[in-house]
Amino acid sequence: MNIIEVKNLSAFYENRMVFENVEFTVTEGDYLCIVGENGSGKTTLMKTLLGFDIKHTGTIKFNGFTKREIGWLPQKTQHQKDFPASINEVVMSGFAGGGFFGARYNKAQKEQANQNMKLLDIESLAEKSFSELSGGQQQKVLLCRALCAAKKVLLLDEPVTGLDQSSAEEMYALIKKLNKSGIAIIMISHDISRAVSEAEHILSLSDNSFFFGTDSEYIQHTKEDI
Amino acid sequence: MEFITQIFSYPFARRAIIVGLLLSVSAALLGVNLVLKRFSMLGDGLSHVSFGAAAVGLALGVAPLGFSIPIVIVAAFLLLRLKQNSKINGDAATAIVSSSALAVGITVATLTTGMNTDISNYMFGSILALGKSEVIIAAVCGALIIAVYILFYQKIFTTAFDEDFAAVTGVKVKWYSSINAILTAVTVVIGMRVMGALLISSIITFPALSSMRICKHYKCTVIVAAVVSVISFLTGLLLSFAFDIPAGAAVVLTNLAAFLILSLIGKVKQI
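Protein chains in written order, with my numbering: chain A, 22 to 247; chain B, 5 to 275.
Take the hints with a grain of salt, since some may be wrong.
[Unchecked claim] With a Cα cut of at most 30 Å, we get these calculated DSS-like pairs of lysine-lysine:
| # | chain 1 | residue 1 | chain 2 | residue 2 |
| --- | --- | --- | --- | --- |
| 1 | B | K41 | A | K68 |
| 2 | A | K28 | B | K176 |
| 3 | B | K178 | A | K139 |
| 4 | B | K178 | A | K102 |
| 5 | A | K97 | B | K136 |
| 6 | B | K271 | A | K88 |
| 7 | A | K149 | B | K41 |
| 8 | B | K271 | A | K149 |
| 9 | A | K172 | B | K271 |
| 10 | A | K68 | B | K273 |
| 11 | A | K102 | B | K273 |
| 12 | A | K128 | B | K273 |
| 13 | B | K271 | A | K131 |
| 14 | A | K76 | B | K136 |
| 15 | A | K149 | B | K136 |
| 16 | A | K131 | B | K41 |
| 17 | A | K197 | A | K173 |
| 18 | A | K102 | B | K223 |
| 19 | B | K176 | A | K102 |
| 20 | A | K97 | B | K41 |
| 21 | A | K149 | B | K273 |
| 22 | B | K176 | A | K82 |
| 23 | A | K97 | A | K197 |
| 24 | B | K271 | A | K97 |
| 25 | B | K223 | A | K131 |
| 26 | B | K273 | A | K97 |
| 27 | A | K128 | B | K178 |
| 28 | B | K223 | A | K149 |
[Said to hold, decoys possible] Cβ-Cβ distance ranges computed for the label pairs, FRET-style:
| # | chain 1 | residue 1 | chain 2 | residue 2 | range |
| --- | --- | --- | --- | --- | --- |
| 29 | A | Q96 | B | I275 | 33 to 41 Å |
| 30 | B | I150 | A | L140 | 54 to 62 Å |
| 31 | A | Q96 | B | I154 | 39 to 47 Å |
By construction, these hints were calculated from the structure, which means they are not laboratory data.
Backbone N, C-alpha and C define an ideal beta-carbon position, used for all residues, glycine too.
Starting from the given sequences, assemble the full structure and let the hints guide the process.
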């Protein structure tokens, strides 16, 4: 079943068209990599999916969840470096969107958060400060926050950027593990060869065109280009 | 002890203590997020706008506070908006707005009323000048800030830590930043009466910075900032009565002392 259907999607940035008539689908438990050069519109596409204020035409349809229930892993921001926050506080903030008030989280949410921390093997860090962790650990914490917010799909924005080799491998393994447990993954990446080996589907954006298909179709497609 | 009971027997001192306590807690709570989001100078910029507006208000013969509050709210919105619009550097904009407003205030004051005690009170603060209306505004504003912080605590934390993520997951980020702007503006205007335009920003930034020396968790940071702010204010006020120094300056100095002590504790804890 398709959980995301995108049709005829064109997006604009400062009245310049970033991409035109892009079409793709995401099925339940899918693993889609969005690849492309810098400036090809990966970030614009991500922001459009997430409902940021981006001028666009075409349709985006979510089946069985709303755009608020996409678990988003954004890139780290500068001010988080010295932000006093415990891992617990950061992970739990994945639940902040629901309800009008937000004085505290309920028991079910706390249990869910604990489960997710166990799944990503960060439960021993719960009381540590976010700013004290290594880059790889921080990324795992933000992935865990995304998992708390997610219903069916995770949207990961260059999740291994800035990580050393072993942390990056660990991150890829965790993402695979989450995918195996039934969560659909959409990952933005500029490491094309790695994207092909990890994902089931590839969406490649480039100037004035796009490709969408399975990883083997993509390999075929790039060969034809050359 | 006798000294303290004596102080409490004066109505003006009681008013100063009530307004000061509410102000300390409000400023500390707002300050944590302003400092974390790199808006430390916002309080300073707004206080100068508030001074400029109060001077114009005095010249026009209208209530300076009633005149200042809406103008400072507008300024707070503009400065917060500028930060988001990256074409103009928010820091530079704050500096420009800040000095321009101060210049307008001084010019208008000199041409009309002259640089009298009223003007000087707005510059350096005066606890003697606090009236009933200020106590009421401070009480309402203080209660509102504390209530908002408790009721929406998780949403406020999520927004402070990662505004984009908060927006995506469904937190009404714009709504919170608007409330934040309004409450900051009101706190600055009231604070100007007690602390003075030149010193008010210190009670916004100091408690947050002090508490961040020893706290690693957000909740701890917020609570310690409020406690530090209240203790510093009360100590400062007592010192100001005892040694007959301006309350604003005394409170800044006690805040500085608290900052140094907590920095030291933070350093010792690290070893």
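Going through the hints against the structure:
no.	hint	in the structure
1	B:K41 to A:K68	holds, 22 Å
2	A:K28 to B:K176	holds, 28 Å
3	B:K178 to A:K139	violated, 34 Å
4	B:K178 to A:K102	holds, 24 Å
5	A:K97 to B:K136	violated, 48 Å
6	B:K271 to A:K88	violated, 45 Å
7	A:K149 to B:K41	holds, 21 Å
8	B:K271 to A:K149	holds, 18 Å
9	A:K172 to B:K271	violated, 43 Å
10	A:K68 to B:K273	violated, 42 Å
11	A:K102 to B:K273	holds, 20 Å
12	A:K128 to B:K273	violated, 33 Å
13	B:K271 to A:K131	violated, 33 Å
14	A:K76 to B:K136	violated, 51 Å
15	A:K149 to B:K136	violated, 46 Å
16	A:K131 to B:K41	holds, 27 Å
17	A:K197 to A:K173	holds, 15 Å
18	A:K102 to B:K223	holds, 17 Å
19	B:K176 to A:K102	holds, 24 Å
20	A:K97 to B:K41	holds, 14 Å
21	A:K149 to B:K273	holds, 15 Å
22	B:K176 to A:K82	holds, 23 Å
23	A:K97 to A:K197	holds, 21 Å
24	B:K271 to A:K97	holds, 27 Å
25	B:K223 to A:K131	holds, 17 Å
26	B:K273 to A:K97	holds, 28 Å
27	A:K128 to B:K178	holds, 29 Å
28	B:K223 to A:K149	holds, 13 Å
29	A:Q96 to B:I275: 33 to 41 Å	holds, 34 Å
30	B:I150 to A:L140: 54 to 62 Å	violated, 37 Å
31	A:Q96 to B:I154: 39 to 47 Å	violated, 32 Å
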